[in-house]
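Residues per chain, in single letters:
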Amino acid sequence: MWFVGKLCFPHKLAAVRHFSEVSKFNRHAKDWWSPTGPVAPLLRFNPARIAVIRAAIEKYSLPQSVGKTKLPLQGISIVDVGCGGGILCEPLGRLGATVLGIDEAEDSIEIARKHAKLDPFLDSYVKYRCCSLSELVSERKQFDCVTCLEVVEHVEKPQQFLNLLEAIVRPQGLLIISTINRTVTSWLTAICLAENVLGWIPRGTHHWNKLVRPEEISFCLSNNNEMKLMSSVGFSFSLFDNSIHLTGNLGVNYLMVWKKVALKS
Amino acid sequence: MRLQSRALVWRAIHLPQRRTLCGKSKEYDIVIVGGGLVGASLCAGLVQSQLPCKIALVEPNLQRLLSNSKEKSGEAVPLRTSTINPASQQWLKKLKIWELLDSQEVAAFARMKVWDSTSGSSLVFHASEVGMESLGFVVANDDLLRGCYQRLQRSLQSTQSQIDFFDSGVDDFHWYFSQSGFTKWPRLVLKDQNELHGRVVVAADGSNSTTRKSANIPWFSHYYQQRAVVLTVRTEKLHRTAWQRFLSTGPIALLPMAGVNISNVVWSTTELEASILCSASKETLVKELNNAFLGAVNLHKDSDTEEYPPSISEILRGPASFPLYLGHASEYVKERLVLVGDAAHSVHPLAGQGVNLGFADAQCLVELFENAWMTGRDFGELSLLLQYQRKRLPKNLLMLAALHSLETFFSFQFGPVSFIRGLGMSLLGGLIPAKKAIIDFASGKI
Chain A
1 MWFVGKLCFP
11 HKLAAVRHFS
21 EVSKFNRHAK
31 DWWSPTGPVA
41 PLLRFNPARI
51 AVIRAAIEKY
61 SLPQSVGKTK
71 LPLQGISIVD
81 VGCGGGILCE
91 PLGRLGATVL
101 GIDEAEDSIE
111 IARKHAKLDP
121 FLDSYVKYRC
131 CSLSELVSER
141 KQFDCVTCLE
151 VVEHVEKPQQ
161 FLNLLEAIVR
171 PQGLLIISTI
181 NRTVTSWLTA
191 ICLAENVLGW
201 IPRGTHHWNK
211 LVRPEEISFC
221 LSNNNEMKLM
231 SSVGFSFSLF
241 DNSIHLTGNL
251 GVNYLMVWKK
261 VALKS
Chain B
1 MRLQSRALVW
11 RAIHLPQRRT
21 LCGKSKEYDI
31 VIVGGGLVGA
41 SLCAGLVQSQ
51 LPCKIALVEP
61 NLQRLLSNSK
71 EKSGEAVPLR
81 TSTINPASQQ
91 WLKKLKIWEL
101 LDSQEVAAFA
111 RMKVWDSTSG
121 SSLVFHASEV
131 GMESLGFVVA
141 NDDLLRGCYQ
151 RLQRSLQSTQ
161 SQIDFFDSGV
171 DDFHWYFSQS
181 GFTKWPRLVL
191 KDQNELHGRV
201 VVAADGSNST
211 TRKSANIPWF
221 SHYYQQRAVV
231 LTVRTEKLHR
241 TAWQRFLSTG
251 PIALLPMAGV
261 NISNVVWSTT
271 ELEASILCSA
281 SKETLVKELN
291 NAFLGAVNLH
301 KDSDTEEYPP
311 SISEILRGPA
321 SFPLYLGHAS
331 EYVKERLVLV
341 GDAAHSVHPL
351 AGQGVNLGFA
361 DAQCLVELFE
371 NAWMTGRDFG
381 ELSLLLQYQR
391 KRLPKNLLML
401 AALHSLETFF
411 SFQFGPVSFI
421 RGLGMSLLGG
431 LIPAKKAIID
441 FASGKI
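Going down the list, the sequences are from chains A and B.
At position 48 of the first sequence (counting the first as 1) the number is 48 in full-length UniProt numbering, and the numbers step up by one without a gap.
At position 424 of the second sequence (counting the first as 1) the number is 424 in full-length UniProt numbering, and the numbers step up by one without a gap.
Bound conformation, chain A alone (with noise of 0.2 Å):
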C-alpha cells in the first residue's frame, strides 16, 4: 500500500485547501468560456461527461416518480464541488436538475453567475456559492448527486477532501469524481504533450506527483463501507479528429461513479 502513504504523507503538513492553486484559478477564471482559451480541452470533454453523469444518474439514482413529459433530470438535486465558470451546471441545469454550483475561488463564482444570466433558462435551475466545501458539510447539507471533476488532483488533502464529499451525498446519492490518473501515460499526454508540447492547457496546470489514482480513491472511500463503486469510466482523446471516445482504460483522465448504499448510524 506504498501509494497511500505517497498519498496522505507529503501533504500533512499543508492546509485543506493550498492558496496557489485557488489563485492559479483566478488567474484564468475569464478565460472558462471561451472556445480558445485554457480551459477549452474542458469544455470539449463536456458533453461525454455529461452524457456518463447522465445516464449514471437515471440508471443508478432517478427517483420512480419522474414523468415523461418531464426534463430528463428534473427534480434532481446536484451539487458540483468546484465549479469553475459554470460549465458542468449548466448543461445538468438544461436537463432539469438544480444544480448548485461552489468554488473557491471568487472570481470564477462570478464568472459563472455572469454566464448563467445570459440563459434566462437556468434562472430557476442553477445557483453558484462561493464557499469551500468544508462550509457546507458544517451546514449539514446533502444532495442527491455530487460531482467533483478535475478537482481531486489540485487539493492538499485528497484524502480528508473526498471524506467531506462522502458526507454531503444523501444515503442512496451518487458521488461522481473524475480526475488525472498518475501513470507513465498520463505524465505523457496529459503534461508534456497537452501542457508541454501542444500547449492546449497553461503549463503548471497538473503535478503529476498530486495526480490520483483509482485504488486510491477506492481506498479513501471504501474505509467504513458506505459508498460502493457502481462503475468506472475513462476518456480518450483522438488527435485526428478532436473527438472524445468512452474507454475501458483509466490510465489517462477517468471518471468514477461512487452510491452511498448504507445508512450512516
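Worth flagging that the hints you see were computed from the coordinates, not collected in a lab.
Check before you lean on any hint, since a few could be wrong.
Claimed, not checked - Looking from chain B toward chain A, a few residues come up when the C-beta cut is under 8 Å (computed): (1) S49; (2) P52; (3) S180; (4) L238; (5) M374; (6) T375.
Quick reminder that beta carbons are idealized off the backbone N, C-alpha and C, glycines included.
Let chain A serve as the given structure and place chain B on it in line with the hints.
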C-alpha cells in the same frame, strides 16, 4: 377536419398578435427566420424530434402559407416545381410530410436523358441500372409547402415543443458576437413590434438573406448572365423521363409532372432570349420549345419515344423568369447564428439540386440539436454549430462546384472541346459504375 384546421390556423396566427399588446419581449430556444420549404421542414423536423423547446417561426407570408388550402390555389396547374432526390424523399417520409402531398402532384421519373445540341451525343441514366426505383420526383412547390404546414399544424397538439408563428418580417437584428463565450442572445425586432430573443437564430430566408447580411457574413456570388424561363406545358404523349438538352445558350429541361401529359420546362438562357420568350405569343413559344428540344429532328407520330422527348402541344402556365446566380456564404455559422438552404448557398438549377441541399442542411441541423439536447448543450454554442458547418460545407461546396463545372463545360462551343465532350459522354454511357457514382452523388447519398 377542415374546420378544425381552419380554427387552428386562426389561433396560430392571432395568438401572437394578441400577445403583442403586452409588448413584452419573448425568449425562444430556436428562432427560424423564413418559412419557405427549408425553414418549414426544419421546423417540422424539430417538432417531430419532441425536443421540449420553444420555437419561433418568423415568415412575412405566413398567413397565406398557413391557409394555403387546395381550394384557394384553384385549379391552375402549378408553375414552380422542385426536383426531390431520393435522400430528400426519405427525410420527407420520416417527417410524415410525404404522405400529405397530393399523390397526384408527385411524379417520379426513373430515367434521365442528357444530350448535347452540338455533338449530338447523349447520356442516359436508368434507375434500374443502379438498383433504385426512381431517380427523383417532380413536386410542385406549393404542394410541398402545403404539406409542411399541414404537418406542423397537425403536430401542434401532440408535441412537447412549443411553436409560435409570427406573421411578420424582421425589422432589425441585434447581434452580440464575442470571442469569450459570453455571447448575449440575439435580439430580433419584428415589423409588428414583437421582440424576440433567441438562443440560436436559424436563417432560412433565401439567397438574399437579410439575416446573413445583418450578421456581416461575406457572400461570394457570380451572375451567369442568364435567366431561367419556367413554363408548365402539355405534351403530346405521356413520358416518365427527365430530359435535359444542352443548347449553345444554356440547358433546357423537360420534367414530367403529375397530371395528364403535364410537364415542367426550365429553360436557362441568355437575358435577351429570355425576354423575347417571355413576351412571345403562345404559338411562337410552342414552336420555340419544340425547336429547342428536337432541333432539326422531324418527329413522326410513331418514332421512338425513348430517344426524343414528346413534342409540346400547349402552354398551360407561364412563362415566368428569374435570374441565375451562383452564391456561397464564406461561413455557415457564427455564435448563435446558423445559415441553412439558399441563405448559405445557391446553385444553378440545371440538376434541380437547390432544395435538396437545403433539406440536407435542415436534416443535419435537426440531428445536431437532438444530440446537443441529450447532453444539455446550449444550441447557440459556436463549437456545436461548427459541427454543422464541418458536415455540410464541404458537401455543398462540392455540389456547387460540380454544377458550375457542368454548366461551364457544356457552354463551350469550341470544336475540340465539344468533340471531347461528346466522346466523354459516349464513354460514360457504357460505364455503369461511373454512372452509379454520378447518380449516388445526385441522390444525396454521398
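Do the hints match the structure? See the list:
1. A distance limit of 8 Å between C-beta atoms decides the matter here; for B:S49 the minimum to chain A is near 15 Å, and the interface restraint is violated.
2. Proximity of B:P52 to chain A holds as hinted, the smallest CB-CB distance being about 7 Å (cut-off 8 Å).
3. Annotation: B:S180 was flagged as interfacial toward chain A, and the flag holds, the nearest CB pair being 5 Å apart, inside 8 Å.
4. Here the hint on B:L238 is broken, as its CB sits about 51 Å from the closest CB of chain A, past 8 Å.
5. With a least beta-carbon distance of about 7 Å to chain A, the hint placing B:M374 at the interface is held under the 8 Å criterion.
6. Hint status for B:T375 relative to chain A: holds, with the closest Cβ pair at about 4 Å, below 8 Å.
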